[in-house]
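Now for the letters of each chain:
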Amino acid sequence: MKVTIKSWTGVASWRWIANDENCGICRMSFESTCPECALPGDDCPLVWGVCSHCFHMHCIVKWLNLQPLNKQCPMCRQSWKFNIH
Amino acid sequence: MSLKPKRVEFVDVWPRLRRMAESVITLRQVDRAVWNTSFSDVYTLCVAQPEPMADRLYSETKHFLDSHVEMLANKVLAKHDAANANNTNSRPDLLQRYYTTWMEYSQGIKYLHLLYIYLNQQHIKKQKITDTEAIYSNQSSDAAEQMEIGELGLDIWRMHMVEYLAEELVRHILEGIAADRASNGTLDSHRVQVINGVIHSFVEVQNYKKTGSLKLYQDFFEGPMLQASGTYYTNEANKLLQRCSVSQYMQEVIKILECESKRAQKFLHVSSLTKLRKQCEEKFINDRLGFIYSECRDMVSDERRQDLRNMYIVLQPIPDHLKAELIQTFLEHIKNEGLETVYALKGENIHIAFVENMLKVHHKYQELIADVFENDSLFLSALDKACASVINRRPSERQPCRSAEYVAKYCDTLLKKSKTCEAEIDQKLTNNITIFKYIEDKDVYQKFYSRLLAKRLIHEQSQSMDAEEGMINRLKQACGYEFTNKLHRMFTDISVSTDLNNKFNNHLKDNEIDLGINLSIKVLQAGAWPLGSTQVIPFAVPQEFEKSIKMFEDYYHNLFSGRKLTWLHHMCHGELKLSHLKKSYIVTMQTYQMAIMLLFETCDKLSCREIQNTLELNDETFQKHMQPMIESKLLNANSENLSGDTRIELNFDYTNKRTKFKISSALQKETPQEVEHTINSVDEDRKLFLQAAIVRIMKARKVLKHNALIQEVLSLSKVSFTPNIAMIKKCVESLIDKQYIERTANSGDEYSYMA
Chain A
1 MKVTIKSWTG
11 VASWRWIAND
21 ENCGICRMSF
31 ESTCPECALP
41 GDDCPLVWGV
51 CSHCFHMHCI
61 VKWLNLQPLN
71 KQCPMCRQSW
81 KFNIH
Chain B
1 MSLKPKRVEF
11 VDVWPRLRRM
21 AESVITLRQV
31 DRAVWNTSFS
41 DVYTLCVAQP
51 EPMADRLYSE
61 TKHFLDSHVE
71 MLANKVLAKH
81 DAANANNTNS
91 RPDLLQRYYT
101 TWMEYSQGIK
111 YLHLLYIYLN
121 QQHIKKQKIT
131 DTEAIYSNQS
141 SDAAEQMEIG
151 ELGLDIWRMH
161 MVEYLAEELV
171 RHILEGIAAD
181 RASNGTLDSH
191 RVQVINGVIH
201 SFVEVQNYKK
211 TGSLKLYQDF
221 FEGPMLQASG
231 TYYTNEANKL
241 LQRCSVSQYM
251 QEVIKILECE
261 SKRAQKFLHV
271 SSLTKLRKQC
281 EEKFINDRLG
291 FIYSECRDMV
301 SDERRQDLRN
311 MYIVLQPIPD
321 HLKAELIQTF
331 LEHIKNEGLE
341 TVYALKGENI
351 HIAFVENMLK
361 VHHKYQELIA
371 DVFENDSLFL
381 SALDKACASV
391 INRRPSERQP
401 CRSAEYVAKY
411 CDTLLKKSKT
421 CEAEIDQKLT
431 NNITIFKYIE
441 DKDVYQKFYS
451 RLLAKRLIHE
461 QSQSMDAEEG
471 MINRLKQACG
481 YEFTNKLHRM
491 FTDISVSTDL
501 NNKFNNHLKD
511 NEIDLGINLS
521 IKVLQAGAWP
531 LGSTQVIPFA
541 VPQEFEKSIK
551 MFEDYYHNLF
561 SGRKLTWLHH
571 MCHGELKLSH
581 LKKSYIVTMQ
591 TYQMAIMLLF
601 ETCDKLSCRE
611 IQNTLELNDE
621 TFQKHMQPMI
631 ESKLLNANSE
641 NLSGDTRIEL
651 NFDYTNKRTK
661 FKISSALQKE
671 TPQEVEHTIN
681 SVDEDRKLFL
691 QAAIVRIMKA
701 RKVLKHNALI
711 QEVLSLSKVS
721 FTPNIAMIKK
731 CVESLIDKQY
741 IERTANSGDE
751 YSYMA
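These protein sequences, in sequence, are chains A and B.
Numbering-wise (full-length UniProt numbering), the first sequence opens with residue 1 and increments by one.
Numbering-wise (full-length UniProt numbering), the second sequence opens with residue 1 and increments by one.
I should point out that these hints are in silico values taken from the structure, not numbers from a laboratory.
These numbers come from a predicted model, not from an experiment.
Where is the CB? At the ideal position from N, CA and C, for every residue including glycine.
Incorrect hints may have been included.
Pairs of lysine to any residue, SDA-like flavour, derived with a Cα cap of 20 Å [stated by the list, open to error]: (1) B:Lys718 x B:Ile679; (2) A:Lys2 x B:Phe600; (3) B:Lys633 x B:Thr659; (4) B:Lys547 x A:Met1; (5) A:Lys81 x B:Lys718; (6) A:Lys2 x B:Ile679.
Some chain B residues flagged as far from chain A (calculated, every beta-carbon gap over 10 Å) [claimed, not checked]: (7) Lys255; (8) Asp426; (9) Ser548; (10) Glu575; (11) Glu601; (12) Gly644; (13) Asn746.
Between beta-carbon pairs, the in silico distance windows are [stated by the list, open to error]: (14) A:Met57 x B:Gln366: 49 to 55 Å; (15) B:Thr434 x A:Lys62: 26 to 32 Å; (16) B:Glu340 x A:Met57: 55 to 61 Å; (17) A:Met57 x B:Glu332: 56 to 62 Å; (18) A:Met57 x B:Lys705: 40 to 46 Å; (19) B:Gln477 x A:Lys62: 33 to 39 Å; (20) B:Gln477 x A:Pro45: 26 to 32 Å; (21) B:Pro538 x A:Met57: 30 to 36 Å; (22) B:Ala388 x A:Lys62: 27 to 33 Å.
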């Protein structure tokens with residue numbers, strides 16, 4: 001062996017993988033935040049439903065709180081369940 | 001004796017009473033018994049039957065006082081005349097006689113007042129109009145009205161004595177004061193006492209009056225005194241001008257001002273002190289401003305502290321706008337010095353010199369202002385203005401001001417690993433904030449700072465995290481949370497990454513996986529880091545890496561769903577162990593360079609084209625990373641220019657004293673393109689900021705005039721930068737195009753918000 005790797009310091013950046021560009025509730029880009037937040041990222045995360053639709057967490061929680069009876073996905077009207085991987 | 005009113009003859013009682021009054025007023029010895037009798041005489045007359053004789057008593061008393069004072073006046077004057085005949089230098093005597101007479105009379109009249117207390121209390125007070133009536137009815141107390149005996153006595157004194165002798169007295173007083181001035185305040189204390197007494201008698205004689213009690217003093221004495229002093233001052237100033245330089249003149253004036261205010265206290269009534277002072281300042285300073293300022297420029301530029309101190313003292317009492325010249329000169333001086341030290345700078349460490357020289361200038365003048373100008377806010381703000389204009393000066397119209405960049409780099413130098421001790425770094429960072437505050441383009445600073453911070457964090461070059469945090473907190477204090485929140489984010493990412501690495505390593509251990517590589521990964525959040533161009537540079541990851549990277553990605557995705565990792569290979573680096581040489585070396589280098597070295601595992605020679613194709617590197621990246629490898633002599637090339645056919649081979653003869661070293665990479669150095677890129681991105685950010693600001697303002701106001709809009713935009717952007725008007729106008733135009741706002745129909749310079 002002439003050359004071996006001793007150690008490596010890697011740098012990576014992360015983004016959301018969403019099935020759409022924008023949040024279906026606030027129409028803001030997933031790369032940016034929901035209207036209430038100032039900084040994208042961990043403070044304003046995305047969540048997925050079992051129906052595979054994706055929203056800003058703050059947006060969908062607000063939406064669900066406004067639904068008195070059936071908690072439905074605002075996009076497909078299936079009943080909303082958080083998809084926990 | 002009984003208090004019952006009884007019938008008395010006025011002529012029986014009055015002569016007795018009159019004699020008594022005479023004794024009292026001349027302060028002769030009076031027996032208690034006689035005093036008591038007289039006291040009841042007043043009472044008896046006031047309550048006499050069938051008619052009270054109070055009025056008659058009053059008029060007789062008045063008459064008596066009239067003639068008494070007239071007699072005194074003649075005594076004061078007559079002797080004076082007599083003395084004048086054979087001795088022209090008898091002037092002090094007049095004052096002396098007046099003073100003695102007044103001392104006696106003023107005391108006597110107080111006693112007489114007490115003797116007549118029944119008359120005063122019962123007869124006269126009753127007729128007096130009350131205070132409120134006096135104020136609201138606006139009746140002047142006419143002469144016919146009766147006064148209390150004490151007041152009557154003083155009034156008579158005023159009429160027969162003061163008004164009669166005033167001119168003469170004042171002339172003598174002024175001569176006395178002049179003599180005091182001439183003798184440098186060494187007039188004998190007795191004479192001072194006399195003059196002081198005479199001057200104060202003008203006040204005391206009217207003291208009983210509720211309003212205008214100083215009128216007599218002001219009319220007879222103060223006016224002429226101020227005038228005479230004014231003339232004296234003008235003369236003195238003229239004399240000084242002839243023999244003094246500016247600096248001596250100021251010293252003299254300060255002395256004179258001090259003497260004069262002592263003199264005023266010695267002689268004058270308190271009400272005159274400020275007036276005389278003013279007069280003095282007027283004649284010595286205001287009238288001579290031209291002269292005082294004539295050497296101002298030299299004094300400032302030579303920094304003659306004593307002279308400047310004197311000038312400050314001298315100019316202190318005059319209105320601010322007159323001081324402007326000194327302040328302006330001072331400002332110019334600081335500015336010139338600042339420009340001199342800062343703008344000739346050249347070379348590698350220009351940023352260090354810039355900040356430290358500027359700090360020196362700032363520190364020097366701050367100290368000077370404290371020492372010489374008593375930390376006067378006018379001068380401090382001049383210092384601020386001067387510093388700001390030096391720091392924000394653009395070398396020419398076209399070139400941008402680079403101070404923000406320098407200051408940010410200065411911080412970088414301090415915060416990078418070095419041998420300087422922490423306390424010193426801390427102190428320097430604090431000082432640095434002083435300069436930072438003057439920067440107008442704070443957003444430029446922020447851009448540079450965050451890029452440099454990112455480099456420090458990624459390449460682990462920070463001296464200490466505490467120092468880094470401290471600096472960010474200082475910036476937060478100076479510019480607010482908005483300014484630093486991205487910087488804070490970067491910090492969080494780094495600490496989250498450390499946790500992540502620990503967890504990952506534990507995970508590997510638990511599953512008994514050995515990657516053979518010591519892995520440390522930093523995961524950054526895309527939005528918070530100034531990562532530059534986000535486009536991924538094509539790169540075929542060598543298989544030696546692949547397994548490790550895959551392991552980490554899997555682990556990460558498992559931990560955080562819905563996230564995608566993008567590797568920023570141009571920021572990664574690692575250590576390679578080289579075993580093909582006589583000694584084995586451990587070399588730190590960039591990922592691309594590692595990949596190149598790994599290719600030589602199976603062979604000793606490769607052409608540039610082969611390397612480039614295997615790794616799928618573009619020309620620019622290849623050149624940038626290959627060059628340092630050849631410079632370090634780890635690899636040899638058969639020609640200077642690296643073209644496709646150039647042969648690269650391992651240098652088996654390589655030796656180095658150290659077994660552990662680093663290949664300096666071109667990337668860690670700031671290239672001019674990068675600087676330009678940073679500046680351009682600032683411009684983009686500014687446009688977005690301005691547009692957002694305009695929309696926000698228009699949404700709140702609905703309709704706004706052009707100028708008002710510009711003002712509001714300026715005030716919003718003040719914290720981070722000063723936009724030029726042209727840029728704001730462009731933003732307004734583009735918002736009109738995008739139909740956020742429109743021009744109102746009836747007016748050309750008015751905009752309205754479109755919902």
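Verification of the hints:
Pair hint lysine 718 of chain B plus isoleucine 679 of chain B holds up; C-alpha atoms about 19 Å apart against a cutoff of 20 Å. For the proposed pair lysine 2 of chain A and phenylalanine 600 of chain B, the alpha carbon gap of about 8 Å is at most 20 Å, so the pair holds. Distance restraint check for lysine 633 of chain B and threonine 659 of chain B: the Cα-Cα separation of roughly 15 Å lies within the 20 Å cut-off, and the hinted pair is therefore satisfied. For the suggested pair lysine 547 of chain B and methionine 1 of chain A, the alpha carbons sit about 19 Å apart, so the restraint of at most 20 Å is met.
Distance hint between lysine 81 of chain A and lysine 718 of chain B is unfulfilled; the C-alpha atoms sit about 47 Å from each other, more than 20 Å. Of the pairs offered as hints, the one joining lysine 2 of chain A and isoleucine 679 of chain B is violated, with about 44 Å between alpha carbons and a cut-off of 20 Å exceeded. For lysine 255 of chain B, the requirement that its beta carbon stay farther than 10 Å from each beta carbon of chain A is met, with the minimum near 64 Å. Annotated as non-interface, aspartate 426 of chain B keeps its C-beta farther than 10 Å from every C-beta of chain A; the closest such distance is 28 Å.
In this structure serine 548 of chain B is not separated from chain A by more than 10 Å, as the shortest Cβ-Cβ distance comes to only about 7 Å. For glutamate 575 of chain B, the non-interface assignment is contradicted: its Cβ lies about 4 Å from the closest Cβ of chain A, within the 10 Å cut-off. The beta carbon of glutamate 601 of chain B sits about 5 Å from the closest Cβ of chain A, which is not more than 10 Å, so the claim that it is off the interface is violated. Residue-level check passed: glycine 644 of chain B sits 24 Å from the nearest beta carbon of chain A, beyond 10 Å.
No Cβ of chain A comes within 10 Å of the Cβ of asparagine 746 of chain B; the nearest lies about 35 Å off, and the non-interface call holds. Under the hint 49 to 55 Å, the C-beta atoms of methionine 57 of chain A and glutamine 366 of chain B, about 52 Å apart, fit the expected range. In this structure the hint that threonine 434 of chain B and lysine 62 of chain A lie 26 to 32 Å apart at CB is violated, the actual value being about 46 Å. About 58 Å separates the C-beta atoms of glutamate 340 of chain B and methionine 57 of chain A, a value consistent with the hinted range of 55 to 61 Å.
Distance hint check: the CB atoms of methionine 57 of chain A and glutamate 332 of chain B are about 59 Å apart, consistent with the given range 56 to 62 Å. Evaluation of the 40 to 46 Å hint for methionine 57 of chain A and lysine 705 of chain B yields a pass: the beta carbon distance comes to about 43 Å. The given range of 33 to 39 Å is respected by glutamine 477 of chain B and lysine 62 of chain A, whose C-beta atoms sit roughly 35 Å from each other. Under the hint 26 to 32 Å, the C-beta atoms of glutamine 477 of chain B and proline 45 of chain A, about 30 Å apart, fit the expected range.
Taken as a hint, the range 30 to 36 Å holds for the pair proline 538 of chain B and methionine 57 of chain A, whose Cβ atoms sit roughly 35 Å apart. At roughly 46 Å, the beta carbons of alanine 388 of chain B and lysine 62 of chain A sit outside the given window of 27 to 33 Å.
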